[in-house]
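Trainee: One letter stands for each residue in the lines below.
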Amino acid sequence: MTPREFVSTAHSPLTDGHLHAWGWEIPVYLFLGGLTAGILVLSGHALWSGRRNRGAAPSFALASSGLHLIGLGTISLGMLALFLDLTHKPFVWRLYLTFKPLSPMSWGAWILLIVYPVLMLGVLLDPPRWLRDRFPTATQRFLSFADRGAIRRKIGMAAVASGVALGIYTGVLLSALGARPLWSSSLLGPLFLVSGVSTGAALAHWLSPDAAESDQLLQLDNALLSIELGLLALLLIGFSSSNEAQVAAARLLLGGPYTAVFWVGVVLLGLLVPLTLQLLIVTRRIAHTAVAPLLVLSGGLILRFIFVFAGQASHWAPP
Amino acid sequence: MARLGMVIDTKRCVGCQDCVVACKTENRTPEGMNRDWITYATTGKFPKLSLKIQSERCNHCDDPPCVSCCPTGASHVHDWGGVVLVTKDECIGCKACVASCPYDARYIHPDGYADKCTFCIHRVEQGKDPACVSVCPTHCMYFGDLDDPESEVSRLLASRRHYSILPEAGTKPRIFYLE
Numbered sequence: 001m002t003p004r005e006f007v008s009t010a011h012s013p014l015t016d017g018h019l020h021a022w023g024w025e026i027p028v029y030l031f032l033g034g035l036t037a038g039i040l041v042l043s044g045h046a047l048w049s050g051r052r053n054r055g056a057a058p059s060f061a062l063a064s065s066g067l068h069l070i071g072l073g074t075i076s077l078g079m080l081a082l083f084l085d086l087t088h089k090p091f092v093w094r095l096y097l098t099f100k101p102l103s104p105m106s107w108g109a110w111i112l113l114i115v116y117p118v119l120m121l122g123v124l125l126d127p128p129r130w131l132r133d134r135f136p137t138a139t140q141r142f143l144s145f146a147d148r149g150a151i152r153r154k155i156g157m158a159a160v161a162s163g164v165a166l167g168i169y170t171g172v173l174l175s176a177l178g179a180r181p182l183w184s185s186s187l188l189g190p191l192f193l194v195s196g197v198s199t200g201a202a203l204a205h206w207l208s209p210d211a212a213e214s215d216q217l218l219q220l221d222n223a224l225l226s227i228e229l230g231l232l233a234l235l236l237i238g239f240s241s242s243n244e245a246q247v248a249a250a251r252l253l254l255g256g257p258y259t260a261v262f263w264v265g266v267v268l269l270g271l272l273v274p275l276t277l278q279l280l281i282v283t284r285r286i287a288h289t290a291v292a293p294l295l296v297l298s299g300g301l302i303l304r305f306i307f308v309f310a311g312q313a314s315h316w317a318p319p
Numbered sequence: 320m321a322r323l324g325m326v327i328d329t330k331r332c333v334g335c336q337d338c339v340v341a342c343k344t345e346n347r348t349p350e351g352m353n354r355d356w357i358t359y360a361t362t363g364k365f366p367k368l369s370l371k372i373q374s375e376r377c378n379h380c381d382d383p384p385c386v387s388c389c390p391t392g393a394s395h396v397h398d399w400g401g402v403v404l405v406t407k408d409e410c411i412g413c414k415a416c417v418a419s420c421p422y423d424a425r426y427i428h429p430d431g432y433a434d435k436c437t438f439c440i441h442r443v444e445q446g447k448d449p450a451c452v453s454v455c456p457t458h459c460m461y462f463g464d465l466d467d468p469e470s471e472v473s474r475l476l477a478s479r480r481h482y483s484i485l486p487e488a489g490t491k492p493r494i495f496y497l498e
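Just so you know, the sequences run in chain order F and Y. Take 1 as the starting number for the first sequence in our numbering and just add one per residue. Take 320 as the starting number for the second sequence in our numbering and just add one per residue.
Think of the hints as simulated: they come from the structure by calculation, not from any bench. Ideal Cβ positions, reconstructed from N, Cα and C, are used throughout, including at glycine. Every clue listed holds true.
Result set (DSS-like, lysine-lysine): computed pairs, CA atoms no more than 30 Å apart in a straight line:
# : chain 1 : residue 1 : chain 2 : residue 2
1 : Y       : 343       : F       : 89
2 : Y       : 407       : F       : 100
3 : Y       : 371       : Y       : 343
4 : Y       : 407       : F       : 89
5 : F       : 100       : Y       : 491
6 : Y       : 343       : Y       : 491
Among chain Y residues calculated to face chain F with C-beta under 8 Å, some are:
#  : residue
7  : 339
8  : 353
9  : 356
10 : 361
11 : 417
12 : 485
Far from chain Y by the CB rule (all over 10 Å, computed), these chain F residues:
#  : residue
13 : 48
14 : 213
15 : 267
Let's have the full structure, built from the sequences with the hints guiding it.
Mentor: Below, the structure written as structure tokens:
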């Protein structure tokens, strides 16, 4: 029976009222992790499929080291945000003294360690001029070894695999914490992966100087945005038809305090408007602009803020 | 191996908070943070109101999500008694354990590591009861081995109606309340 009046003397600063253990750092980290996952999947696929060959259209966004350098930047910023969130920072090295198979965070720590060398290999396969000028012999030696079809394909496969692992992990990180009903869904992994690849595609088609590639990325992004809409719908249907705690969790987005920001920030401005704009661009009714990719990127960021914050507000014993 | 647990008689608990004070004194918990606490839940409709008082803390679950989510192994199950503990020098302060606990039993110590009830393992290893149990003026709290059918906790659970908090969270809590 729901109490008429409930008083607790717990008074923990992190849980009083409802959980607020994580602030801005975790959603920012999840967003930047997802964006890096998208960059890895897209550029890795370009390498794997052989689209990105030696000397082939080096101006392509996916074929340039620029995207990998951005990936190194986004994952580093994400890890900085994660580090800022830690409250016992001097002991962060403890992550790398063990591997805990049941802990998504342990998986994530090791996945991040794989992501860095894969991104660096992507940079070295198309070394920027400053790198060639500074280390001419080393870059040449690396290219003479690695710039072969089979090795490029293997690096591409590693990039796709590590990108998928990174993207799914950003969602599983939350869904493994079953104490919060809004996170308790296996759809969060695919949702965050699709959203991550979508933000990666948005960034790539915004930066791509090649019209043909930009169009392909736009079409891919449209498919990803549509899948994301479907996954969000399935997630809400799943919650709404589940137990009392998950129904209450869904209500946070369906009439509760996160409703406006979810429907306006994520569904409308982050998914439906860019999808419409990108369909008009593909059919040549309007020109490429930065508006659609910026909306997709901001929608991805807001999605993570909402899920981290609303998730913390959800509880097995809803008020 | 022992499976330590607690039984609390809600018919005897008067919510005096002696257990809370004893814990703070014994474990020197920082100001503003508690390893145990009291909840007062009023149900019903005036004039037929009912007040339920519970002394709450970490449930030292059989299937503790705080242990499985910990990326460093700082949160662990103690070899003796299955008590859930935190090794502070292994904790990085990621707060995954805080978020994973359906009982909101953890807090971050001002020194940065996650902290919680230890069932006063330092006392229990000396054959004593946890501080909260030892001071209860109404003797409403019982501590012992749930796997030993002759223990006081097992006998109480076998003879009285009881419940645990949020069993639907699936963590198999080891604190039981007598009705």
